[in-house]
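J.: Chain residues, written in single-letter form:
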Amino acid sequence: MKLNGAQILVNCLKSENVSHIFGYPGGAVLHIYDALDACDDIIHVLVRHEQGAVHGADGYARVSGKCGVALVTSGPGLTNAVTGIATAYMDSIPMVVISGQVSSAVIGNDAFQEVDAVGITRSCVKHNFLVKDVNDLSNIVKKAFHIATTGRPAPVLIDITKDATIAVCEFEGYPKSINMRSYQGEITIDTAQIDKAQALIKQAKKPIIYSGGGSVIGNASEALRTFTRRTNFPITQTLMGLGAYPATDRQSLGMLGMHGSYEANMAMHYSDCIIAIGARFDDRITGDLDKFCPYAKIIHIDIDPSSVGKIIGVDVAVIGQVNDALSAITQALKDQELPNIKPWWQQIEKWRAVDSLSYQTKAGVIKPQSVIQTLYEVTQGEAIVTSDVGQHQMWAAQYYPFDEPRRWINSGGLGTMGFGLPAAMGAKLADPASDVVCVTGEGSIQMMLQELSTMLQYHTPVKIINLNNGYLGMVRQWQEFFYEKRYAMSYMDALPDFVKLAESYGHMGIKVDKQENLKPALLEAFKQKDCTVFVDILIDPSENVFPMIPSGAGHHEMLLAGRDKMKTKNDKGLNLV
Amino acid sequence: MRHIISLQLENESGALSRVAGLFSARGFNIESLTVAPTNDKTLSRMTIVSIGDNTIIEQIIKQLDKLIDVVKVTNLTATKHVERELALIKINNNPNSQIEIDSIIDAHGAKIVGVSADTYIVEVAGKSRRINDFLMACDTFEILEISRTGVTGVCQKKEY
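Protein chains in written order, with our numbering: chain B, 1 to 577; chain H, 578 to 737.
Treat the hints with care, since some could be wrong.
[To be verified] Using 16 Å as the maximum straight-line C-alpha spacing, the simulated EDC-like pairs for lysine to aspartate or glutamate come out as follows:
1. H:LYS688 - H:ASP710
2. B:LYS310 - H:GLU635
3. B:LYS310 - H:ASP710
4. B:LYS310 - H:ASP630
5. H:LYS639 - B:ASP304
Hints were generated in silico from the structure; no laboratory data involved.
With these hints in hand, go ahead and build the complete structure from the sequences.
T.: Okay, structure coming up:
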């Protein structure tokens, strides 16, 4: 069958069972759009900005577990997409991004809308391809999906010159398999390491499971639950890992790290055996490395060998699929006696009794924590929650306990403001039956506001919970603590009327400025099944995120709201971002 | 410590910049880098000399291994190997020092590979140390230009 490159591409995407493409047309991809128009099996979501396309594909991928697909034109189309690609890369999200490129004859001539897409994206993709010959196209698409979805998932870019989309060649069908001598997606777990891991586990007196995004991305939730229950060990989860193990379960100590719970961080600090699962010892988790977990032997289970030993030296490394590794360890522990950790649990319960997430209510103001708690109540904990980046992100993570994986969608690695809204759109398309909420702030939401328009066109009714404090809250919090309350450029004057704004985009808007109106407003919002509702909530502008490990401190030095005064700056800590 | 890392990588455009980009993006150090095709036309051989403690070298090797274009990574320093470097040195042709230059060249196993009215080009090959020693010995002459290839090497084992 003779087809042009664009038709071949669309055929390949169909063979990959791509259901949604998030994209934006332009000169270099006109042929692709022409071919896409003739295809009824793929829904194209026309975003309003290419960053929104990639975040949309990202949200879709995180919720569905499938590979997200975005399509953008050359030049500015690609550069706009880069933030989205880097966001997905940092959080290991499987994604294929297709970009148009100027014709091969003019590459390198500074042609109109030409950028070196492969060069620009090199450091934020797992791999990228420049396709200049139509004969290479189907093999490259196959490779791209294979690379993006196997091993440690990540975005892969396919940059296709316009002439390659026009040129015609014989298409013999999408390759069934691909053999790459330089890439193995599957890793066989070394059983000797499993033995070492179970031997360490059997000696532990103060163990803790530290589970990260890999447990979610690697679909290891069931294996994690089985392992955790079998051992009766306490478990703490990272921002990226929330939901893999149910947060409301007794063994869960909540999130760890900079704004983690007191019990989780104290247990990490005093632990003698840390079982790190699909987690990468990020700086938000470790605090000051010199003070990190001084007493612990560390078992690190991860699919990416380069994650192991990168930041913290480990005692046992288990390289492979988290799911397989956990099942193997659980199997190895079968019929084995585990140590008595009752004293450890007693200690943990004392830390838990500190109730580090308690907060003071104040008459006349709405506390952001209470907004998230009310949201939890109204959605019965079952919503998919996306978030932007800042204080609201931390409050959502702290006060909305997730019991299932792929329900908490946020940009944990790159920390991309503007992620939440398009991600919510992608999430709703992936799971139309679930309530989808975007928890955001008036700073973040304005970075991707234009996607409200896309959301009307593609009918993705989500609820936007805008924690509006007039400040870039996390910046303001750090300025209060570390810059002697000099609030340099963190106040946002001249905010829009978000209710009218939502209405002008064809959605519903509700403003909440009194605590007593909070729950009725949220109930009203969630009653609207077919309508996106923007709930603009004026919250206490002075509220800070607690507890907190201040910059340069260790886990055991964390500060609690109401109990501790923020110590003034510490030179080591100031270097932290 | 100095390590010689040997790579086999797909002989494709962009493969070199992926490796070079990795080093700069992650703040790893490159002392020298050489790359050329092998007897298998689809593969290139790249030899990188880097300096770092064991943790850093381990990270470098793991990160290189992650690159899709990299087929194989070997730390030559950790195994029996042969390493060589070649240098071309352009020296001002001063008749007064010719005898002295000739004797240094002989002593170091170097050779003159190009002569013009006012310059010599001397070739010296061997371990990097040998080239450094030769350059030290030439200290009193007027060196106009030096071009070193950087280290290349192979492992001695039949298969590795």
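J.: Look at each hint and say if it fits the structure.
T.: Here is what the structure says about each hint:
Distance restraint check for LYS688 (chain H) and ASP710 (chain H): the Cα-Cα separation of roughly 15 Å lies within the 16 Å cut-off, and the hinted pair is therefore satisfied. Distance check on the hinted pair: LYS310 (chain B) and GLU635 (chain H) sit about 9 Å apart at the alpha-carbon level, within 16 Å; holds. Between LYS310 (chain B) and ASP710 (chain H) the alpha-carbon distance is near 37 Å, which puts this suggested pair outside the 16 Å criterion. With a C-alpha separation of about 13 Å, the suggested pairing of LYS310 (chain B) with ASP630 (chain H) holds against the 16 Å cut-off.
Simply put, LYS639 (chain H) and ASP304 (chain B) have alpha-carbon atoms about 9 Å apart, close enough for the 16 Å limit, and the pair holds.
Going through the hint list in order, the structure does not satisfy hint 3, though it satisfies all others.
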